[in-house]
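Trainee: Sequence:
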Amino acid sequence: NGRKRTTVGRGVTGRTVIAEVVETDARLFRLLRTEGKEAARQYWLEHMNGISRVEHLLHRISEGRVDPLEATRIVPLDEDERLAVDIPLKGECHA
Numbered sequence: 228n229g230r231k232r233t234t235v236g237r238g239v240t241g242r243t244v245i246a247e248v249v250e251t252d253a254r255l256f257r258l259l260r261t262e263g264k265e266a267a268r269q270y271w272l273e274h275m276n277g278i279s280r281v282e283h284l285l286h287r288i289s290e291g292r293v294d295p296l297e298a299t300r301i302v303p304l305d306e307d308e309r310l311a312v313d314i315p316l317k318g319e320c321h322a
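If you read the sequence shown in the working numbering, its first letter stands for residue 228, the second for the next number, and so on.
Possibly wrong hints are sitting among the right ones.
Here are the in silico distance ranges between beta carbons for each label pair [what the hints assert, rightly or not]: (1) R309 to V248: 19 to 25 angstroms; (2) E262 to P295: 24 to 30 angstroms; (3) R300 to F256: 28 to 34 angstroms; (4) D294 to E262: 35 to 41 angstroms; (5) R292 to D252: 27 to 33 angstroms; (6) E297 to R260: 33 to 39 angstroms; (7) V248 to S289: 18 to 24 angstroms; (8) S289 to R260: 25 to 31 angstroms; (9) E297 to D252: 33 to 39 angstroms.
Because the hints were derived from the structure by calculation, they are not lab data. Using N, Cα and C, we set each Cβ at its ideal position, and we do this for glycine too.
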């Protein structure tokens with residue numbers, strides 16, 4: 228197609244990663260299996276100090292590493308609200 232391939236070992240510069248990294252535990256897997264993705268995600272965010280893609284992106288914006296005008300091309304800034312479901316975990320009650 229006429230595009231030049233990147234030489235191995237040179238890598239890519241001028242980019243930053245926006246991601247979610249989940250360190251799993253037995254309870255997270257149990258919630259995923261028994262109560263679904265939403266409950267597992269809520270547990271990860273609330274009890275395992277998880278950092279969502281939106282939070283990670285907002286950190287990078289505040290550091291000046293990501294242009295706020297380009298941010299929504301990376302991650303929709305309302306993603307956390309769209310994915311949020313208030314699911315009481317078994318054994319917990321919400322007031």
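Trainee: Each hint needs a verdict: does it hold in this structure or not?
Mentor: Hints, verified against the model:
1. R309 to V248: 19 to 25 angstroms: holds, 21 angstroms
2. E262 to P295: 24 to 30 angstroms: Roughly 35 angstroms apart at Cβ, these two residues miss the hinted range, so it is violated.
3. R300 to F256: 28 to 34 angstroms: holds, 33 angstroms
4. D294 to E262: 35 to 41 angstroms: Given a distance of about 38 angstroms, which is inside 35 to 41 angstroms, the answer is holds.
5. R292 to D252: 27 to 33 angstroms: holds, 30 angstroms
6. E297 to R260: 33 to 39 angstroms: Holds - the Cβ-Cβ distance for E297 and R260, about 38 angstroms, lies within 33 to 39 angstroms.
7. V248 to S289: 18 to 24 angstroms: Because 19 angstroms falls inside the window, the suggested range holds.
8. S289 to R260: 25 to 31 angstroms: Since S289 and R260 have Cβ atoms about 36 angstroms apart, the given range 25 to 31 angstroms is violated.
9. E297 to D252: 33 to 39 angstroms: Since the Cβ atoms of E297 and D252 sit about 35 angstroms apart, the hinted range of 33 to 39 angstroms holds.
Checked against the numbered hints listed earlier, the structure breaks hints 2, 8; every other hint is satisfied.
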